[in-house]
Amino acid sequence: MVSDINSIGKIENLHKKTSVQSDFYEKCKSTLIKEGDILISIKGTLGKIGLVTKEISNAIPGPSFCILRKRDSALIDTDTLYQYLRSSIGQRLITQSGQGATIPFISIKQLKELKIPVPEKEEQRKAKKIEKRSNELFNSIDEMQKELNQLLEKGWLQVDSKGDNK
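In the numbering used here, the protein residues as written are 1 to 166.
Hint data in this document are derived by calculation from the structure and do not stem from the laboratory. Bear in mind that the values here come from a model prediction, so they are computed numbers and not experimental data. Warning: the hint list may mix true and false statements.
Below, computed lysine-lysine pairings styled on DSBU-like, alpha-carbon distance capped at 30 Å [said to hold, decoys possible]:
1) 146 - 70
2) 146 - 34
3) 29 - 121
4) 154 - 132
5) 54 - 43
6) 54 - 146
7) 126 - 115
8) 126 - 17
9) 121 - 54
10) 29 - 70
11) 115 - 146
12) 17 - 34
13) 70 - 112
14) 146 - 112
15) 70 - 43
16) 34 - 132
17) 128 - 43
18) 126 - 29
19) 27 - 121
20) 146 - 29
21) 17 - 27
22) 48 - 29
23) 112 - 43
24) 34 - 128
25) 126 - 70
26) 43 - 154
27) 132 - 121
28) 128 - 154
29) 129 - 34
30) 17 - 54
31) 54 - 154
32) 48 - 154
33) 109 - 54
34) 54 - 27
35) 128 - 48
36) 29 - 17
Label pairs and their in silico Cβ distance ranges [claimed, not checked]:
37) 22 - 63: 26 to 32 Å
38) 26 - 151: 17 to 23 Å
39) 26 - 116: 15 to 21 Å
40) 111 - 155: 36 to 42 Å
We put the beta carbon where it would ideally sit given N, CA and C, even for glycine.
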């Protein structure tokens with residue numbers, strides 16, 4: 001689900017779980033989500049990008065998603081592709097390829113035809129550094145949000161840095 005993608009585009013936990021019949025599951029085994037997959041929303045919320053950061057067992061993407069999975073022979077690494085697709089340039093490329101006024105969508109054929117620039121190895125190394133820093137900032141903000149929520153929940157009670165009531 002689109003809601004499973006956090007604010008920096010990571011998919012770490014799934015919020016909605018649905019039971020499916022075993023014959024449907026057997027047909028979908030080849031499309032199980034794996035760690036390192038990039039999921040792209042191809043219908044509705046067009047172009048929402050998520051990177052699967054850890055193994056999620058028995059997860060099948062919803063009908064609005066397409067899995068982008070890096071081949072061993074790929075010239076671009078997953079982090080670089082992920083960052084490009086989330087960038088304003090990548091998002092504009094996806095949006096311009098979309099069709100449909102009421103419910104926008106991009107076909108698999110159009111998705112396959114997207115022109116993705118392949119940066120030099122040095123640029124891909126820079127992308128990894130940017131990704132690392134983005135994660136650090138997100139984790140810092142997340143911790144501050146948790147602390148703020150804790151303070152707000154306590155109301156007028158004071159909470160010290162260890163979370164203890166005074």
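The hints, checked one at a time:
1. 146 - 70: Since the Cα atoms of residue 146 and residue 70 sit roughly 34 Å apart, the hinted pair is violated (cutoff 30 Å).
2. 146 - 34: holds, 29 Å
3. 29 - 121: Violated. Residue 29 to residue 121 sits at ~34 Å, over the 30 Å cutoff.
4. 154 - 132: Between residue 154 and residue 132 the Cα gap is close to 33 Å, so the pair fails against 30 Å, i.e. violated.
5. 54 - 43: holds, 25 Å
6. 54 - 146: With a Cα-Cα distance of about 22 Å, the restraint between residue 54 and residue 146 holds, given a limit of 30 Å.
7. 126 - 115: Given that 30 Å is the threshold and the Cα spacing comes to 21 Å, the pair holds.
8. 126 - 17: Violated, at roughly 37 Å.
9. 121 - 54: holds, 25 Å
10. 29 - 70: holds, 18 Å
11. 115 - 146: violated, 40 Å
12. 17 - 34: holds, 16 Å
13. 70 - 112: holds, 13 Å
14. 146 - 112: Violated. Residue 146 to residue 112 sits at ~40 Å, over the 30 Å cutoff.
15. 70 - 43: holds, 22 Å
16. 34 - 132: holds, 21 Å
17. 128 - 43: holds, 29 Å
18. 126 - 29: violated, 35 Å
19. 27 - 121: Roughly 38 Å separates the two Cα atoms, so the pair is violated.
20. 146 - 29: violated, 37 Å
21. 17 - 27: Measuring from Cα to Cα gives roughly 18 Å; hence the hint holds.
22. 48 - 29: Between residue 48 and residue 29 the Cα gap is close to 23 Å, so the pair holds against 30 Å.
23. 112 - 43: Within the cut-off at roughly 15 Å; holds.
24. 34 - 128: holds, 20 Å
25. 126 - 70: Between residue 126 and residue 70 the Cα gap is close to 19 Å, so the pair holds against 30 Å.
26. 43 - 154: violated, 42 Å
27. 132 - 121: Status holds; Cα separation ~17 Å.
28. 128 - 154: violated, 39 Å
29. 129 - 34: Judged against 30 Å, a Cα distance of about 23 Å means the pair holds.
30. 17 - 54: Satisfied, since the Cα-Cα distance of roughly 17 Å is no more than 30 Å.
31. 54 - 154: With Cα atoms ~33 Å apart, residue 54 and residue 154 exceed 30 Å; violated.
32. 48 - 154: Violated: residue 48 and residue 154 sit about 36 Å apart, past 30 Å.
33. 109 - 54: holds, 28 Å
34. 54 - 27: Holds. Residue 54 to residue 27 sits at ~23 Å (cutoff 30 Å).
35. 128 - 48: holds, 20 Å
36. 29 - 17: holds, 16 Å
37. 22 - 63: 26 to 32 Å: Cβ of residue 22 to Cβ of residue 63: about 19 Å, so the range 26 to 32 Å is violated.
38. 26 - 151: 17 to 23 Å: Once the Cβ atoms are compared, 50 Å apart, the range 17 to 23 Å for residue 151 and residue 26 is violated.
39. 26 - 116: 15 to 21 Å: violated, 33 Å
40. 111 - 155: 36 to 42 Å: violated, 49 Å
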